[in-house]
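> First to last, the protein sequences are chains C and U.
Taking our numbering, the leading residue of the first sequence gets 534, the next gets one more, and so forth.
Taking our numbering, the leading residue of the second sequence gets 5, the next gets one more, and so forth.
Treat the hints with care, since some could be wrong.
Quick look at which bits of chain C chain U covers, simulated, 3 or more residues with Cβ under 8 Å [claimed, not checked]:
1) 607-613
2) 647-661
3) 728-740
4) 858-865
Just so you know, these hints were derived from the structure itself, not from any lab.
Glycine included, every Cβ here is placed at the ideal spot set by N, Cα and C.
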Amino acid sequence: MMLGALLGIPLVGAILLWRAGGRVATTLHALTAGLTLVAAVAVTVEVNRGEVLMALDGFLRADALSAWMISLIGIVGALAASEAPRYLAHTTPARFYPLFHLFVFTMLLAVSTDDVGLMWVAVEGTTLASVFLVNFERTRASLEASYKYLLICSVGIAIAFLGTVLVYFAGIQQFGDEAHALRWTTLLPLAPGLAPRVIELAFVFLVVGYGTKAGLAPMHTWLPDAHSEAPAPVSALMSGVLLSVGVYAILRFKPAVDLAAGPGFARGILLALGLLSVAVAAAFLWTSPNYKRMLAYSSVEHIGLVCLGLGFGGALGTAGALLHIANHALAKSVVFLLAGRIRIAYGSAEIAAVGGLMRRMPRTGAPFLAAMLALVGLPPFGLFVSEVMIFAAGFTQGFPGVAGVALVLLVFAFAGLLRGAHAILYGTPPREPAAEVPGWRPVLPVAAALLLLVLTGLAWPPGLTDALDRVVAIVVP
Amino acid sequence: MTTASNLLAFLGLVVTLLIVWRQSWPARLRLFVAQSLLLAALASTIGVLAHRRGLLLVAAVFVVVKGWVIPRVLARIGSGAPVRRVAPGRSSGIVLLGAGGLVVAAYVIMLPVTSAVELPTEGAIPLAFAMALIGLGLCVTGRDALGHILGFLVFENGIFGLAILATYGLPGIVEAGVFLDVLVIVLIMEAVVVQVRREHDSIDVDRLRELRG
């Protein structure tokens, strides 16, 4: 019932919005986003009372890991939705709202099903729902970005399908009744008996496939284009939660692979891809002339860190990785929303065209500075805590080499990102920006997200430890 | 069943290699239709011999979607494209050799799968995977949007063949999702390609080079 509401609200909202226009559309959009957030919080609370929510004969199922993702999608979705009307004031809103909510719906569906096949369909659905959003401004650059996005992610997801087929193949060898052989709940108890070589092969395809969607190097090439060309609210959603949905898919398969093939196999792949992602991002953070691209590469870096945490494993590494997903979702969506405002005010996304943000637009500059400091992993923000957890896991689980190299790369990335932020925040602008939107209302959602980040950094709200423990228990059986 | 599946998968691979070899777009499109029909035949053969009624339905939908609807859309996309000159220096021989290498690779990569079980269809599994790999190769090396889409579809066909051979058909909801998905991808591709052609007056991907760094 609750799950039905969670998925039904954005879907119905999208359908109604298809024909709506003007003020009706804005109101309906706000209502849909608000109700989605309420439903997401309700599901999270219910699941963390110790219940597993199910619907449609177990086809839809939300456990603690699903709830973790659902609450993130709800929060980031609401944050991005609050920015959408402001963004659309500068352009024509054709089809933006319905596609936005359809995009949210596909992400929610991907994380709240028990069926491996349906999850695959939903993850592919995220690409299809968002490709027109990436090309929303219909410029040459955005067209190219959406073409690359569609092609690369479709190929990637087809590779993940190959992996899914192989998992199913291994599953039906063990299990006669095929009706449920693609369910996590049937697959996991069987996992120790699955043919290890087949599962290893399947995991390689799954990591390449879903890793494309997660933006892991070397499959990340669509990401900087799509993130930089998409409208700000869409960039926030993509960077904040879409990438994490890709990680989620890998995360769901990991326990099965660990049980079937031993823990070393998945760990090796995740550590290698994680390290490569951090390295690629660290290099491009220095060379990117465009601040939205710079932020996109910062996402590659953070997804790489998440993979490292999952690779180091153990309760600490896994908890760190999951917390990092949440922290990054909050920080990056805030930064992308602010970057959108900067781009509208200065009329350019080039770093060289922007300057003196702190003086000219203090209500945008101050939260931008705070979110950038959060992104580079400084206290008091949550990313500091989750990064400490990830690296502590690396050193204690016996991977001091990998953790050490990653730390050095992180310092490079840190400096590159701060250099970009400094150029934007201080100095004299080449041309004067348009006047900042007056009043404090635009600041509120951003400030709320930053406050949450301080909470995960300084004082964990009640229930967070329990929620994290529950999720870790699912990933590390 | 072994003979039938081996024969059909082998023919499918031959058609795939012909797609690699031919350079004219209408010919490649016809070959793609032939490949789709062969795979549908494969699905129905397994459906009959292994008593899977569902596979017959899947084969029927496959014929409609990949043998009729998608080729029509592709023909529409291609109709505005100028006839591609055969690029000098591009010999089909070398490309075919690469495709041959992919066939060998397919056998090696699929070893864990074929050695895991005794299936009457196992001999054909690497052939289907080879189709997928060659499709992936076509997609990655394609020099215009049509080449990309065709490569992707061949890739998708190969995976479909592999799924049929290894599992005798996936659960209905997944099959339905896959069909819908491929159809929507091709339709979106059409919309994007139409816009690319309007903007750049060509569908050569060499023109798409604004985003760097």
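> If a hint holds in the structure, say so; if it does not, say that too.
Against the structure, the hints come out as follows:
no.: 1; hint: 607-613; verdict: violated (count 0)
no.: 2; hint: 647-661; verdict: holds (count 8)
no.: 3; hint: 728-740; verdict: holds (count 5)
no.: 4; hint: 858-865; verdict: violated (count 0)
Comparing the model with each earlier hint shows violations of hints 1 and 4; every other hint is respected.
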